[in-house]
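Using the sequences and the hints given, assemble the complete structure.
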Amino acid sequence: MKLGGFGKIADYKYIARAGFDYAELDIPEIVELSDADFDGLRNEIEECGVKVQVGSRLLPIAEPLFFKEGFSITDHTAYLRKASERTSVLGIDKVILGNGKARSLLREEDQNREAIFIDALRVMTEIAAEFNQEFILEPLGPKYSNYINTIPEAVDMISKISRPNFFTMADLRHMVWSKESFDNLREYASYLHHIHIDYPLSYPERGYPALEDDYNYDEFLFALYKSGYNGTLTVEADTPKDWARAYEQLLVLMGSVKIDNA
Numbered sequence: 001m002k003l004g005g006f007g008k009i010a011d012y013k014y015i016a017r018a019g020f021d022y023a024e025l026d027i028p029e030i031v032e033l034s035d036a037d038f039d040g041l042r043n044e045i046e047e048c049g050v051k052v053q054v055g056s057r058l059l060p061i062a063e064p065l066f067f068k069e070g071f072s073i074t075d076h077t078a079y080l081r082k083a084s085e086r087t088s089v090l091g092i093d094k095v096i097l098g099n100g101k102a103r104s105l106l107r108e109e110d111q112n113r114e115a116i117f118i119d120a121l122r123v124m125t126e127i128a129a130e131f132n133q134e135f136i137l138e139p140l141g142p143k144y145s146n147y148i149n150t151i152p153e154a155v156d157m158i159s160k161i162s163r164p165n166f167f168t169m170a171d172l173r174h175m176v177w178s179k180e181s182f183d184n185l186r187e188y189a190s191y192l193h194h195i196h197i198d199y200p201l202s203y204p205e206r207g208y209p210a211l212e213d214d215y216n217y218d219e220f221l222f223a224l225y226k227s228g229y230n231g232t233l234t235v236e237a238d239t240p241k242d243w244a245r246a247y248e249q250l251l252v253l254m255g256s257v258k259i260d261n262a
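For the sequence shown, the UniProt record's numbering begins at 1 and goes up steadily by one.
Hint data in this document are derived by calculation from the structure and do not stem from the laboratory.
A couple of the hints might just be wrong.
[Claimed, not checked] Below, simulated BS3-like cross-link-like pairs (lysine-lysine); rule was C-alpha separation at most 30 Å, straight line:
#, residue 1, residue 2
1, K179, K101
2, K82, K101
3, K68, K160
4, K179, K160
5, K241, K143
6, K68, K143
7, K13, K241
8, K68, K82
9, K68, K101
10, K2, K13
11, K226, K2
12, K241, K2
13, K160, K101
14, K51, K226
15, K51, K82
16, K51, K13
17, K226, K143
Note that the coordinates shown come from a computational prediction; the quantities given were computed from them, not determined experimentally.
Okay, structure coming up:
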């Protein structure tokens with residue numbers, strides 16, 4: 001399993017130095033860079049050698065979008081294309097749509113307008129595919145969104161669009177807040193192409209997971225190992241004071257779980 005650190009562009013060098021296998025960065029921040037600053041980031045990544053494999057928060061939008069009157073995905077295709085073009089140049093091959101507020105339902109009857117969201121997902125997956133990227137729909141807990149909260153709900157969306165680059169992921173925090181069974185990690189293993197983990201009991205703070213936490217990570221990690229998952233796992237947490245120490249405590253936590261005991 002590859003272990004990644006999550007942060008802003010300014011955090012990249014610290015993530016790389018700490019020992020993580022890859023970095024997960026914010027897509028809107030990358031899109032907003034000037035051409036000169038983007039070239040600088042690309043050079044930094046090439047010189048460092050630690051890949052930026054995952055891009056999160058696809059859209060720079062923190063308010064309802066998809067279910068607003070007059071919404072059209074065509075108004076956003078230029079941005080989406082630039083996002084995929086730039087991130088693919090940096091080596092990002094997994095693009096995540098979280099954006100819980102943007103996709104939230106404004107009213108209960110918006111569920112009847114789901115076709116609008118499905119069409120938007122179809123366009124987003126097609127653009128990602130043009131740049132050889134996986135498009136990953138993230139289930140979000142009820143504190144973050146009122147729409148697509150669990151892995152089965154995300155898989156239902158995937159089945160409606162049926163694109164070979166369309167997948168979902170699991171986030172410990174959101175599974176805990178949605179009271180979702182960890183059995184879904186095994187049941188829907190073929191759809192899972194990314195994992196997020198952090199200390200899940202605080203809100204909105206997101207601490208780095210550690211063996212001494214007042215939360216037992218065993219059940220989640222056991223189910224993950226039993227599923228056969230061997231892809232990317234990012235600690236999506238607040239910026240730690242000491243990146244190296246945060247990475248070391250992650251290694252201790254991951255190493256404490258033995259698949260033979262699951």
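request  = Mind checking the alpha carbons of K2 and K13 for me, to see if they're no more than 30 Å apart?
outcome  = Given pair K2, K13 holds - Cα atoms ~18 Å apart, limit 30 Å.
Next pair to validate is K51 with K13; report whether the Cα-Cα distance is within 30 Å. Between K51 and K13 the Cα gap is close to 11 Å, so the pair holds against 30 Å.
*Agreement of K13 and K241 with the hint, judged by alpha carbon distance not exceeding 30 Å*: holds (14 Å)
*Verify the proposed pairing of K241 with K2, using a straight-line Cα cut of 30 Å.*
holds (22 Å)
- prompt: Regarding the pair K68 and K160, is the alpha-carbon distance no greater than 30 Å?
  reply: OK: K68 and K160 at ~22 Å, within 30 Å.
Hint consistency between K179 and K101 [alpha-carbon to alpha-carbon, up to 30 Å]:
The hint holds at about 20 Å.
- Is it true that the CA of K160 sits at most 30 Å from the CA of K101? Measuring from Cα to Cα gives roughly 22 Å; hence the hint holds.
Problem set entry | Restraint status (C-alpha distance of K51 to K82 at most 30 Å) | holds (20 Å)
Q.
Would the hint linking K226 and K2 be met if the CA-CA limit is 30 Å?
A. holds (16 Å)
_Pairwise hint evaluation, K82 against K68, where the allowed Cα distance is 30 Å at most_ = Answer holds: K68 to K82 is near 24 Å, not above 30 Å.
- Message: For K226 and K143, compute the direct alpha-carbon distance and say whether it is at most 30 Å.
- Response: holds (28 Å)
- CA of K68 to CA of K143, is that 30 Å or under? holds (20 Å)
Every hint from the earlier list agrees with this structure, and none is contradicted.
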